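Student: Letter by letter, the chains look like this.
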Amino acid sequence: ETGVTQSPTHLIKTRGQQVTLRCSSQSGHNTVSWYQQALGQGPQFIFQYYREEENGRGNFPPRFSGLQFPNYSSELNVNALELDDSALYLCASSFRPTAFSSYNEQFFGPGTRLTVL
Amino acid sequence: AQSVTQPDIHITVSEGASLELRCNYSYGATPYLFWYVQSPGQGLQLLLKYFSGDTLVQGIKGFEAEFKRSQSSFNLRKPSVHWSDAAEYFCAVGGPFGNEKLTFGTGTRLTIIP
Numbered sequence: 290e291t292g293v294t295q296s297p298t299h300l301i302k303t304r305g306q307q308v309t310l311r312c313s314s315q316s317g318h319n320t321v322s323w324y325q326q327a328l329g330q331g332p333q334f335i336f337q338y339y340r341e342e343e344n345g346r347g348n349f350p351p352r353f354s355g356l357q358f359p360n361y362s363s364e365l366n367v368n369a370l371e372l373d374d375s376a377l378y379l380c381a382s383s384f385r386p387t388a389f390s391s392y393n394e395q396f397f398g399p400g401t402r403l404t405v406l
Numbered sequence: 006a007q008s009v010t011q012p013d014i015h016i017t018v019s020e021g022a023s024l025e026l027r028c029n030y031s032y033g034a035t036p037y038l039f040w041y042v043q044s045p046g047q048g049l050q051l052l053l054k055y056f057s058g059d060t061l062v063q064g065i066k067g068f069e070a071e072f073k074r075s076q077s078s079f080n081l082r083k084p085s086v087h088w089s090d091a092a093e094y095f096c097a098v099g100g101p102f103g104n105e106k107l108t109f110g111t112g113t114r115l116t117i118i119p
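So the sequences go chain by chain: D and Z.
Quick note: the first sequence uses my numbering, first residue 290, plus one each step.
Quick note: the second sequence uses my numbering, first residue 6, plus one each step.
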C-alpha cells in the first residue's frame with residue numbers, strides 16, 4: 290500500500306510568482322486536506338477536498354486555490370507569492386464513507402518545502 | 006473558535022525518564038483530540054486519538070494520553086523515553102464530524118539526553 294506522496298520535495302520561487310504543489314493520496318482515500326506549516330509553528334488548515342469538491346476552508350486568501358482530480362490526487366496552487374508563504378506544505382488523505390461520517394484518520398505526506406525569495 | 010495551547014516550547018528529558026507533554030484545548034462541544042509526532046524531514050504521524058469513552062487512551066510507541074474535560078486538557082505521557090523519541094510533538098483538536106479541519110498547537114520539541 291503506497292502512502293501519501295508529495296512533489297516536489299523542495300521549491301524555490303520569487304515573490305509574485307505562482308506555484309503548484311502536488312499530492313497523491315493513499316490508495317482508497319477520497320479526501321485530501323492541505324496544511325501550511327511555517328517555521329516553528331504548528332500546521333494550519335488551508336482547505337479540504339472531498340470527492341473533488343472543496344469541503345471546508347481555513348483563513349487563507351483566495352490566491353490559495355486547489356483541485357482534486359477523479360483519482361483523488363490533488364493540487365495546491367498559490368498565486369502572487371509573498372515572502373510569508375515560505376513554509377512546509379503538508380497534504381493529508383483519508384477515506385470518508387459519506388459526507389457526514391465521523392472522523393477517519395488522516396495520513397500525512399512528507400511535505401513540500403517552499404521558499405519564497 | 007477552537008484552539009490548542011501547548012505551553013512548553015522545548016522539553017529536555019534524560020533517556021529512561023518519564024515524560025509528560027501538556028496540551029490545553031478550547032472547543033465548544035465534545036472534542037476530537039489527537040497527538041501527532043513529527044521527526045525532521047518527515048510528515049506527521051498519529052500517536053493516539055480521543056473521541057469518546059475511556060478518558061485514558063493508549064497509542065503507539067508506548068505513549069498514552071488522558072482527557073480531562075474539567076481542565077480542558079489532553080496531556081501526553083510516556084513512562085520511559087528512548088533516544089528515538091526525540092522529535093516535535095503536536096496536539097490537535099478536530100471539529101464537528103471529526104474529519105473537518107484539524108487545529109494544531111505550536112508544538113513541543115523534545116530533546117533526549119543520555
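Just so you know, these hints were derived from the structure itself, not from any lab.
Treat the hints loosely; a few may be bogus.
Each computed DMTMM-like pair below joins lysine to aspartate or glutamate, with the alpha-carbon atoms no more than 25 angstroms apart [unchecked claim]:
(1) Z/K106 to D/D373
(2) Z/K73 to D/D374
(3) Z/K106 to Z/E20
(4) Z/K54 to D/D374
(5) Z/K73 to D/D373
(6) Z/K66 to Z/E93
(7) Z/K73 to Z/E93
(8) Z/K66 to Z/E20
(9) Z/K54 to D/E371
(10) Z/K73 to Z/D59
(11) Z/K106 to D/E394
(12) Z/K106 to Z/E93
(13) Z/K54 to Z/D13
(14) D/K302 to D/D374
(15) Z/K54 to D/D373
(16) Z/K66 to Z/D90
(17) Z/K73 to Z/E25
(18) Z/K66 to Z/E25
(19) Z/K106 to Z/E71
(20) D/K302 to D/E371
(21) Z/K106 to Z/E69
(22) Z/K66 to D/E341
(23) Z/K73 to D/E364
(24) Z/K54 to Z/E25
(25) Z/K106 to Z/D59
(26) D/K302 to D/E394
(27) Z/K66 to D/E364
(28) D/K302 to D/D373
(29) Z/K66 to Z/D13
(30) Z/K54 to Z/E93
For clarity, every value in this text was computed on a predicted model and none was experimentally measured.
Student: Which of the listed hints are broken here?
Tutor: The structure breaks hints 2, 3, 4, 5, 9, 15, 22, 23, 26, 27; every other hint is satisfied.
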